[in-house]
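Trainee: Based on these hints, arrange chain B on the given structure of chain A.
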Amino acid sequence: MQKPAIPQEDATNAEPSEFPFGSNDVRLSPREWLVAGIVLLALSWLVPVFWERIEPLRAGADYRIPYPLGNDYWTYQRYCGEACGEEKTLVLGDSVIWGHYVRNDETLSHYLNELIGEARFANVAVDGIHPAALSGLVARYGRAISDRDVILHANLLWMSSERHDLQVTKEFAFNHPALVPQLFPRIPCYKVSLEERIGIVVGRELPLLRWADHLRIAYYDGTDLPMWTIEHPCANPAGAITLELPSPDPSPEATAEPWTARGIPPYNPPWVPLETSFQWGQFQRTIETLRRRGNRVFVVVGPFNEHMLTGESLEIYQKRKQEAAAWLRENRIPHAVPPALPSRLYADASHPLAEGYRMLAGQLLEEESFVRFLETQ
Amino acid sequence: MLFHTWTFVLFFLVFYPVYVAVKGSRLKLPWLLAASYVFYASWNPLYLILVLWSTSVDFLAVVGMAKTRWKRPWLVFSIVNNLGLLGFFKYGQFATDNLNALLASLNVPYEVPAPGFLFPVGISFYVFRSMSYTIDYYRGNVQREPSFLRYATFVSLFPQLLMGPIDRAGSLLPQLRTTPRISRQDVADGLSLFVVGLFKKVALADYLAVYVDQVYAVPGESEAPALLLATFAFAWQIYFDFSGYTDMARGIARLMGIHLTLNFNNPYLATGLGDFWRRWHISLSTWFRDYVYIPLGGSRRGTFNTYRNLCLVMVISGLWHGAAWTFVLWGAVHALGYSLTRSLERAKFYEQRVPKPAKQLLTFSIVCFAWIFFRAESVSDAWLVVTRICQFGLADPAFPLWALVLILSVWLYQFAYESRFRRLLSMAPVRIGLVVCMVFYLAVAGSSGTQQFIYLQF
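Sequences listed follow chains A and B, in order. Note that my numbering has the first sequence beginning at -3, numbered continuously upward. Note that my numbering has the second sequence beginning at 1185, numbered continuously upward.
FYI, nobody ran anything at the bench for these hints, they're computed from the structure. A hint or two may mislead.
FRET-style restraints, in silico, Cβ to Cβ [said to hold, decoys possible]:
| no. | chain 1 | residue 1 | chain 2 | residue 2 | range |
| --- | --- | --- | --- | --- | --- |
| 1 | B | Val1538 | A | Ala231 | 34 to 42 Å |
| 2 | A | Thr272 | B | Ala1285 | 34 to 42 Å |
| 3 | B | Gly1208 | A | Phe46 | 42 to 50 Å |
| 4 | A | Ala322 | B | Ala1225 | 29 to 37 Å |
| 5 | B | Pro1358 | A | Gly218 | 23 to 31 Å |
| 6 | A | Leu37 | B | Ala1225 | 31 to 39 Å |
| 7 | B | Asn1282 | A | Pro242 | 54 to 62 Å |
| 8 | B | Ser1226 | A | Gly277 | 44 to 52 Å |
Remember, predicted model here, so these are calculated numbers, not experimental data. Beta carbons: idealized from backbone N, C-alpha and C, even for Gly.
One chain only, chain A, in its complex shape (with noise of 0.2 Å):
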């Protein structure tokens, strides 16, 4: 004879009279527990598609991820999808692709597509990022970017000191964390606790914790909301919420001016070589996530501003390039390495001024290999 399921209340009242459940009646059975599993779970899956629908994004010609959304990885997802819907070429690097001096209109995916006649070319660089964390930015938010063409930077600026390829054992707060990898490789001047990453990898697993970062960074000034409502007190933490992303238009910079204009020296890095460089072997393990996911990819090595150069450095730099060159060559990955721009097209190291992005953009559609690739399907 088959023993009656126990109902609720009896379950509950089976519990030992010394040890009642608790001063609360947010008590659940099996059964409940599961309900609520499933509710948290579509939950999970359909408010981020369902806020996808309410928020306008409105990537239109010259968009780019608007400077204060840098680390809003859910919306550069998002973004990547919606260009990549367009058939778009996408133009893919760090702040130098992204127009760290420039308007989104003075970018180089915007002269390129003045130069051809029609808006082909989305920006989806991300400012500051370097080659280890758009590896992972790559690999964890950019799977829409898949069978497409992708123009890929290659900034050797990554590899200019034992710091910048992030080498160094002393801990300093690099840009975009949450992007590189956390357990293995060992980042040496990365020195969170491992409570922080194992936080980081399981905030980037799940969408919802992906979704609730977004809602952070663009709405709640990228505090928590606790600690946004200590600096808001009266307000309404939902009026926050305006669906209005910033625009992508203002770069960080007040005054765009060459690096001789602003005071900035020659200067003489310490070049990292490329066989034991981190950030290099982070920029290889791109183009390979790229192309498994069926991406072809031009590489635009530089161009430097080798001007800032001094004496032996600049010979290191030319070393470098060709390094580079060489090993794209060997991987028949198509590629150009661009002479550098007039000094006084430079802002600073790597970053060209409007005029020299429009100079740049010339120069690439000159470029046989580049113009062979846009022209081969």
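Mentor: Positioned in the frame of chain A, the structure of chain B alone reads:
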């Protein structure tokens, strides 16, 4: 390692499957004990020496009581050892500071060197737990535990090791002697308790801590409204913090098929200080009742002795919480409050005519006043808070309204829980809805920082 951290999740993911596999075998206790020691050692491996020492002494004391005729000397040995450990590690710095202050005031050109030892987390809890075993055995309330392994597991069981509940040998040892049965309801209950505890800690306590810490860091820069609200917020912060921990501890234990005692029972619904202490940190207040208040005579030796004993227990309880005069004053305020409300409860008019909400408000007010001393960094800071509150200065307290909404929602829930509206709260959609809301809120809006538990410092 704190319960609301990913590191603990990792630890538990390793511990739990093995525990479920071995819980019916002889490996259960070694695995439980090893896990508990790893948990404790994650704070500082040296702490293990202390917990092992306390465990060993008390185990041997009871063996001594059982095998010799000298029960009392063994009991004294146990008590002296345990209080000595507490005295040295917890009160050494306090005693040294006060002694040096006294010497300085007497112009004695000598300073007693500071002990300079780390304060071992959880010592106040496991010492009391272990001591209760020897006292209970002495009184004949509990049988001798023949297995050192089982006894050590009782003392160090990781869900309750750091911050209680201070379960007695009589309730926990029998559970460790049998194979725990982990039913689906146990798992469901464990999850329910853990989620509620996690919400209390991360979404509520850590949130309120930001405002409270800001105000209490420099109380001289705030006016009455901010100080009042910060005190009110602290009352809730410490409740959410400690009861949240206990809920998580009970939830984890429940997942293991072990029942720990209820430690908090909506204390801010208390109608008197006596009622408050039957709802707040229940395991500690019953410990003091059974091992201090009753041996002192309890309420059996006249009114004066009753109040004397109550006041003594309150002050000692204050000292248990921390090695500072502020905690002693906190205990003293509770002593006065307890005496006041006890006297009022014996007045017919108060008992029968004063509405319950008024009694609750009076009790809550006394408790909040006492929290000023508990939270303040020093006695002078505490007096500064009190005097500035009494000056009724006006200034925008900048207290987040959202925090107020959360606190009042919880309070309303508690009122409803102890009223005829409880049946609404026990409806399945309400219970499921609350769990979904709490988990969703934690995921989306939980604090990104990890604050320590307040009671960890005790």
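Trainee: Each hint needs a verdict: does it hold in this structure or not?
Mentor: Hint by hint, here is what the structure shows:
no.	hint	result
1	B:Val1538 with A:Ala231: 34 to 42 Å	40 Å, holds
2	A:Thr272 with B:Ala1285: 34 to 42 Å	60 Å, violated
3	B:Gly1208 with A:Phe46: 42 to 50 Å	47 Å, holds
4	A:Ala322 with B:Ala1225: 29 to 37 Å	53 Å, violated
5	B:Pro1358 with A:Gly218: 23 to 31 Å	53 Å, violated
6	A:Leu37 with B:Ala1225: 31 to 39 Å	37 Å, holds
7	B:Asn1282 with A:Pro242: 54 to 62 Å	57 Å, holds
8	B:Ser1226 with A:Gly277: 44 to 52 Å	34 Å, violated
The structure is inconsistent with the numbered hints 2, 4, 5, 8, although it conforms to all the rest.
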